[in-house]
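A.B. asks: In case you want the letters, here they are:
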Amino acid sequence: MSESVVLITQDGVRLDGRRIDELRPVKMQVGVLKNCSGSAYIEQGKTKILVAVQGPREAHPKHIALPGRAILRTRYHMAPFSTDERKSPAPSRREVELSKVIREALEPALFLEEYPKTVIDVFIEVLQADAGTRSAGITAASIALAEAGIPMRDLVTAVAVGKVGGKVVLDLNEAEDEHGEADMPIAMMPSLNKITLLQLNGRLTRQELEEGVNLVKKGIKELYSLQKQALRARFSGAQVEV
Amino acid sequence: MSEIVLPGDAVGVVEEYLGEGFVYEHNGVLRAATVGFVHRDTSKHLLKVVRSGRTPNVPTKGDVVYGVVSDAKPKMVVVDIVSMDKKVFQPPFTALLPISMISTERVESADSLYTESDIVIAKVESTSSPFILSTKGSEFGVILARCRNCGSMLESDTKILICPNCGAKDRRKLSSNYILKRHGGVSKSGESFGNNRKDS
Amino acid sequence: MADLSTVEEFVPIQQKELLALLSTGVREDGRKFDEYRKVEIQTSIYEKANGSAMVKIGNTVAVAGVKAELGEPFPDTPNEGVLTVSLELLPHASPSFEPGPPDENAVEMSRIVDRGLRESKAIKTSELCVLPGKKVWVIYVDIYAMDHDGNIVDASGIAALAALLTAKIPEVKVEGEDVVLLESTKGIPMVERPVPVTVAKIGDYLVVDPSLSEENVADVRVTMTTLESGIVSSIQKSGSGTLEEPDVLKIYDLAYEKGKEIRSLLAKLG
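Chains as they are written, first to last, in the numbering used here: chain A, 42 to 283; chain X, 4 to 203; chain P, 2 to 271.
Since the hints were made in silico from the structure, they are not lab data.
Here a beta-carbon is modelled for each residue, glycine too, at the ideal position from N, C-alpha and C.
Hints may contain errors.
Said to hold, decoys possible - With a straight-line cut-off of 35 Å between C-alpha atoms, the simulated DSBU-like cross-links for lysine-lysine are:
hint, chain 1, residue 1, chain 2, residue 2
1, X, K126, A, K75
2, X, K47, A, K103
3, A, K259, X, K51
4, X, K162, A, K75
5, X, K47, X, K78
6, A, K258, P, K261
7, A, K103, X, K184
8, A, K103, A, K141
Unchecked claim - A short list of chain A residues far from chain X (calculated; beta carbon distances all over 12 Å):
hint, residue
9, V67
10, K68
11, N76
12, G86
13, V94
14, Q95
15, F122
16, D125
17, S133
18, I184
19, A187
20, R194
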């Protein structure tokens with residue numbers, strides 16, 4: 042039970058040695074796959090996710106096409122080997138819901154009207170799950186979309202804050218997610234300071250809610266600069282095409 | 004050379020510049036909408052963001068594309084655009100070739116000059132959906148056709164097509180790049196199928 | 002004019018009209034921005050269920066039925082009862098609802114209601130344990146959205162809560178390994194009253210308890226489930242728009258305020 046696990050010490054040090062406002066180690070790479078329009082790989086702690094973008098391409102079935110804009114489709118999926126116990130590959134209700142909220146977190150950033158009647162597919166495959174998969178998936182998806190050349194208002198950057206041992210902390214790992222008191226993933230377009238995903242499971246007071254939103258911005262700022270580094274690394278040798 | 008910019012990067016303010024290309028304005032700030040480079044023309048107050056990364060693989064007006072006829076009706080032909088510039092579209096983009104866009108010459112019926120499974124080279128005239136194609140011009144039209152009777156690949160003999168198998172004769176709006184020539188010849192330009200072509 | 006907001010192509014037109022109205026400080030049904038529609042709650046409407054409730058929010062109708070069965074606990078929580086929540090959008094409720102497997106909207110709504118109840122720890126599941134590791138009460142809460150005139154989530158969440166608060170399960174006697182169900186009944190041990198309140202953002206306006214046409218043109222909907230103590234136990238942003246940072250606390254304040262009003266209605270159920 043949660044009472045028996047000490048997730049955070051009196052001095053604010055967490056099980057994995059992090060401070061309350063510290064992200065897990067993060068690695069991101071853009072352009073990791075050859076046969077898609079855009080791709081990215083992210084590791085955040087033990088969470089490992091591969092994202093591919095396909096499209097814009099013709100919408101199938103055709104009746105789903107919209108005359109004024111592209112459709113964004115997202116598929117958040119966990120590999121059967123991504124969890125301690127094998128996960129059935131059939132999409133769970135959780136995956137259906139997450140696919141929807143992730144799509145709604147990315148959509149505001151995209152100029153979908155540039156490609157009417159087409160569909161843009163974003164495939165988020167969780168290869169190893171250790172909490173924070175939806176937010177890491179969003180962070181990686183937005184740089185894969187940028188690589189694909191799809192016009193965007195901003196990148197979308199996401200991370201969770203939570204409440205662990207009575208404290209509001211940044212970027213929960215699996216133990217903290219499981220035994221903690223709350224998990225609140227948030228996605229933002231950092232330059233525009235707009236929130237595109239907001240969810241909470243758990244119990245927070247009004248003050249903790251406010252604290253959480255402030256703390257999340259610190260994490261988002263750091264992840265945003267890592268996203269930019271990854272994109273620059275991918276395109277540093279790029280030639281100008283006029 | 005100017006520095007690489009990323010989506011969301013502030014590149015200027017509206018008081019100073021008029022944005023062009025992949026730029027949008029939000030609360031008076033001009034921001035990049037793609038991975039690209041910034042060109043500033045201070046004398047004209049123009050700021051342009053040019054895409055430097057990948058370009059989405061979607062045909063645009065003026066592109067030369069390869070397609071397969073999926074349906075031919077008297078007034079129009081339906082073409083699946085399958086390729087352009089070495090790129091393959093999966094799934095293909097559906098396009099229409101209206102009778103008025105087939106040729107500079109008068110055409111009685113579209114299905115007399117095109118039939119299902121014809122491979123065509125065409126120019127994109129409009130991308131306001133659906134895509135509209137044109138095969139006006141000598142280089143555009145069918146580059147490979149099959150016999151309506153027996154399905155064999157037809158060979159071109161000046162203006163007509165002949166089936167080497169059953170001897171049937173047929174007509175098409177032929178491209179000058181038709182691949183199989185009568186008497187065993189293969190057009191040189193036929194080898195350029197799928198190669199980097201740009202409309203001049 | 003006819004409500005064409007359900008047709009995607011008409012949404013921009015409909016949104017423009019609604020925004021023009023909102024800019025004058027009025028909603029199309031005459032409500033204030035922070036005004037909830039009239040909420041009616043009826044309980045114990047189905048005798049065969051352990052608990053049931055019908056909730057009307059204006060013309061939106063949801064019913065919830067609670068069934069309790071003895072079953073096995075989950076291996077990782079051998080001493081706790083099990084809660085299962087499901088929400089079905091009946092084809093009766095809207096021409097846009099079809100029978101068959103739930104689509105992503107139905108799945109999402111169902112999970113919002115589920116999370117509100119579960120994450121608040123509203124049910125003291127330890128008291129639902131009958132034989133540790135072997136027999137516990139499994140509480141099924143099945144919700145039907147019957148008429149969709151906007152804000153099904155709140156109607157469903159309130160119906161589920163009202164049904165749980167008034168449900169009766171048999172008392173049991175344990176004889177060795179055997180469990181005997183007695184004639185007498187008791188309530189489900191509820192320690193919180195989590196009330197979901199949905200706020201829609203249309204342009205820059207925040208409106209509470211969106212009607213169907215408001216919901217259809219809204220950029221964003223946010224559902225926050227709050228408890229008596231002011232704790233928020235679940236949040237869901239839904240829809241492809243964005244929120245400004247201050248919106249989060251504004252929505253919280255609206256949700257808590259309206260949650261209190263609804264909780265006072267529930268208190269009258271006894």
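A.B. asks: Against this structure, judge whether each hint is valid.
C.D. replies: Here's how the hints hold up against the structure:
no.	hint	result
1	X:K126 / A:K75	holds (28 Å)
2	X:K47 / A:K103	violated (45 Å)
3	A:K259 / X:K51	holds (32 Å)
4	X:K162 / A:K75	violated (43 Å)
5	X:K47 / X:K78	violated (49 Å)
6	A:K258 / P:K261	holds (31 Å)
7	A:K103 / X:K184	violated (38 Å)
8	A:K103 / A:K141	holds (21 Å)
9	V67	holds (17 Å)
10	K68	holds (19 Å)
11	N76	violated (10 Å)
12	G86	holds (25 Å)
13	V94	violated (10 Å)
14	Q95	violated (8 Å)
15	F122	holds (28 Å)
16	D125	holds (37 Å)
17	S133	holds (28 Å)
18	I184	violated (9 Å)
19	A187	violated (5 Å)
20	R194	violated (6 Å)
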